[in-house]
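Asker: What follows is each chain in one-letter form.
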Amino acid sequence: SQQGEEDPQALSIQEGENATMNCSYKTSINNLQWYRQNSGRGLVHLILIRSNEREKHSGRLRVTLDTSKKSSSLLITASRAADTASYFCATATGGGNKLTFGTGTQLKVEL
Amino acid sequence: DAEITQSPRHKITETGRQVTLACHQTWNHNNMFWYRQDLGHGLRLIHYSYGVHDTNKGEVSDGYSVSRSNTEDLPLTLESAASSQTSVYFCASSESRGLAGEETQYFGPGTRLLVL
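So the protein sequences, as listed, match chains L and F.
Using the working numbering, the first residue of the first sequence is number 1, and each one after it goes up by one.
Using the working numbering, the first residue of the second sequence is number 1001, and each one after it goes up by one.
Simulated from the structure, these hints should not be mistaken for lab results.
Keep in mind that this is a model prediction, so the values were computed, not measured.
Please note: incorrect hints may appear among the correct ones.
Taking lysine to any residue pairs in the SDA-like style, the calculated list, with each CA pair at most 20 Å apart, reads [what the hints assert, rightly or not]: (1) L/K26 to F/S1083; (2) L/K26 to L/R60; (3) F/K1057 to L/K108; (4) L/K70 to F/E1102; (5) L/K26 to F/V1060; (6) F/K1057 to F/R1044; (7) L/K108 to F/G1058.
So these bits of chain L aren't anywhere near chain F, every CB distance computed over 12 Å [claimed, not checked]: (8) S12; (9) I13; (10) E15; (11) T20; (12) G40; (13) R41; (14) R54; (15) R62; (16) K69; (17) K70; (18) S73; (19) T84; (20) S86; (21) A90; (22) L99.
Residues of chain F placed beyond 12 Å of chain L at every Cβ, according to the derived structure [as the list claims (entries may be wrong)]: (23) P1008; (24) G1016; (25) D1062.
Where is the CB? At the ideal position from N, CA and C, for every residue including glycine.
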């Protein structure tokens, strides 16, 4: 079963607007990562937030983590057409290096 | 530059045939992973390896096998292809840094497999 579920499944916004995607998970985690996938390509790592962190920034990306609610959000500010992609959260639990991916949010940024 | 490659990029096969998908990385990473991606399911882990001669089953391992004879390669074999194995397959690798789960995974471009 999937550890992470993204919401919404699809999101369409205008260039310049902010995009917010949410991820909920089921069990305790060590950290949570966000990945991006352009159409027909492999996933690319965006940002990692540890379980003891509440917020992290990287350029136009802002990630929050609420372990009490078992949820995370990814905010992309001032979106661009080039941000059009699918975004996945992935959780690391227990030992080892495995990640469990969510089902993804498809973001479309229109000019 | 280091990279991770997959071959073939597209494959059409028939039910019952054995198929092997190749994955090669030049990052010198210890950890390698195979996922399948299907609509509505995201990425699901098939098999993974933490080093040479180490292999482990993932969430959806039935009908698949892997072997790790060197650091660079983790081929995925479908023993007897089924239509349910039609999917996009991604290989990934990550470095072992001793921090559980903090390693970034680097993904290959994927292989589209159609089983008729």
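Asker: For every hint, state whether the structure bears it out.
Answerer: For each hint, the structure was consulted:
Straight-line distance between C-alpha atoms of L/K26 and F/S1083 comes to about 31 Å, which puts the hinted pair past the 20 Å bound. Annotation: proposed proximity of L/K26 to L/R60 is violated, straight-line Cα distance about 28 Å (limit 20 Å). With a CA separation close to 35 Å, the supplied pair F/K1057 and L/K108 exceeds the 20 Å bound. Straight-line distance between C-alpha atoms of L/K70 and F/E1102 comes to about 18 Å, which keeps the hinted pair within the 20 Å bound.
About 19 Å separates the Cα atoms of L/K26 and F/V1060, which keeps this hinted pair within 20 Å; it holds. About 12 Å separates the Cα atoms of F/K1057 and F/R1044, which keeps this hinted pair within 20 Å; it holds. Only pairs whose Cα atoms come within 20 Å are accepted, and L/K108 paired with F/G1058 is rejected, the gap being roughly 32 Å. Look at L/S12: its CB is around 18 Å from the nearest CB on chain F, clear of 12 Å, so calling it non-interface holds up.
The claim that L/I13 lies off the interface holds: its Cβ sits roughly 22 Å from the closest Cβ of chain F, which is beyond the 12 Å cut-off. At roughly 27 Å, the least C-beta separation between L/E15 and chain F is larger than 12 Å, which holds for a residue marked as non-interface. With a minimum CB-CB distance of about 19 Å to chain F, L/T20 clears the 12 Å threshold, and the non-interface call stands. For L/G40, the requirement that its beta carbon stay farther than 12 Å from each beta carbon of chain F is not met, with the minimum near 8 Å.
Not every C-beta of chain F lies more than 12 Å from that of L/R41, the closest at about 6 Å, which undercuts listing it as non-interface. Once the 12 Å rule is applied to beta carbons, L/R54 is consistent with being away from chain F; the minimum gap is 17 Å. A cut-off of 12 Å between C-beta atoms confirms that L/R62 is not in contact with chain F; the least separation is 19 Å. Non-interface status of L/K69 relative to chain F is upheld: no Cβ of that chain comes within 12 Å, the nearest being about 20 Å off.
With a closest Cβ-Cβ approach of about 16 Å to chain F, L/K70 is found to remain outside the 12 Å limit, as its non-interface label requires. No beta-carbon of chain F comes within 12 Å of the beta-carbon of L/S73; the shortest separation is about 18 Å. No Cβ of chain F approaches the Cβ of L/T84 within 12 Å, the least distance being about 18 Å, so the stated non-interface status holds. A Cβ of chain F approaches the Cβ of L/S86 within 12 Å, the least distance being about 9 Å, so the stated non-interface status is violated.
With a least beta-carbon separation of about 8 Å from chain F, L/A90 fails to lie farther than 12 Å from that chain, contradicting its non-interface assignment. With a least beta-carbon separation of about 6 Å from chain F, L/L99 fails to lie farther than 12 Å from that chain, contradicting its non-interface assignment. Listed as a non-interface residue, F/P1008 keeps its Cβ farther than 12 Å from every Cβ of chain L; the least gap is roughly 15 Å. Look at F/G1016: its CB is around 29 Å from the nearest CB on chain L, clear of 12 Å, so calling it non-interface holds up.
Taking the minimum C-beta to C-beta distance to chain L, about 16 Å, the non-interface status of F/D1062 holds against the 12 Å cut.
Comparing the model with each numbered hint stated earlier shows that hints 1, 2, 3, 7, 12, 13, 20, 21 and 22 do not hold.
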